[in-house]
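K.L.:
According to our numbering, the sequence shown holds residues 91 to 208 in order.
Any given hint might turn out to be false.
[What the hints assert, rightly or not] Subject to a maximum C-alpha distance of 25 Å in a straight line, what follows is the list of computed DMTMM-like cross-link-like pairs (lysine to aspartate or glutamate):
hint	residue 1	residue 2
1	192	153
2	137	106
3	137	188
4	102	199
5	137	190
[Said to hold, decoys possible] Estimated spans, in silico, between C-beta atoms of each pair:
hint	residue 1	residue 2	range
6	99	124	28 to 34 Å
7	101	199	34 to 40 Å
8	97	199	38 to 44 Å
9	139	183	23 to 29 Å
Everything labelled a hint here was simulated from the structure, so no lab data went into it.
Every residue, glycine too, gets a C-beta built ideally from N, C-alpha and C.
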Amino acid sequence: MTEPMNPTTLFKCLADDTRAKISMLVVSEGELCVCELTAALDLNQPKISRHLALLRSAGLLLDRRQGQWVYYRLNPDLPAWVTAVLKEVVDANQQWLETEAKRLCGMNDRPINQAMCS
91 MTEPMNPTTL FKCLADDTRA KISMLVVSEG ELCVCELTAA LDLNQPKISR HLALLRSAGL
151 LLDRRQGQWV YYRLNPDLPA WVTAVLKEVV DANQQWLETE AKRLCGMNDR PINQAMCS
């Protein structure tokens, strides 16, 4: 992220349904890999990766590789207001993510713990 996050950049990231759901799932879970996002959103890997690339280039998400998996998490260097907005949106919209949360919880062989499923 070369420039500080501003409202226009944040809301452009969240204006797409898929990117909004990816962001909300990552905020809810803390960290998710591409395979978990494909299962939760019922979309193919190239489509998920394209959206993740946009979120990463905007500075909203960071990635890390661990073996065969690439994990995504919220950028810890985001301004506090961005994190607060995202957490508030997640808290107020759990029902909107209900289908995706159920798919994620039902995923076989998840590579990390199941925070949402407990």
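K.L.:
Would the pair residue 137 and residue 190 pass a check requiring their Cα atoms to be no farther apart than 25 Å?
P.N.:
16 Å, holds
K.L.:
When you take the CB atoms of residue 97 and residue 199, is the distance between them in 38 to 44 Å?
P.N.:
39 Å, holds
K.L.:
Cβ-Cβ distance between residue 101 and residue 199: within 34 to 40 Å?
P.N.:
This hint holds: roughly 35 Å between Cβ atoms.
K.L.:
Within 25 Å, alpha carbon to alpha carbon, are residue 102 and residue 199?
P.N.:
33 Å, violated
K.L.:
Confirm or reject the claim that residue 99 and residue 124 have a C-beta distance inside 28 to 34 Å.
P.N.:
23 Å, violated
K.L.:
Residue 137 and residue 106 were given as a pair; does the straight-line alpha-carbon distance stay at or below 25 Å?
P.N.:
13 Å, holds
K.L.:
How does the Cβ-Cβ distance of residue 139 and residue 183 compare with 23 to 29 Å: does it lie in that range?
P.N.:
Given about 24 Å between the Cβ atoms, the range holds.
K.L.:
Going straight from one Cα to the other, do residue 137 and residue 188 come out at no more than 25 Å?
P.N.:
21 Å, holds
K.L.:
What's the verdict on residue 192 and residue 153, does the C-alpha distance respect the 25 Å limit or exceed it?
P.N.:
24 Å, holds
Hints 4 and 6, counting from the list given before, are not met by this structure.
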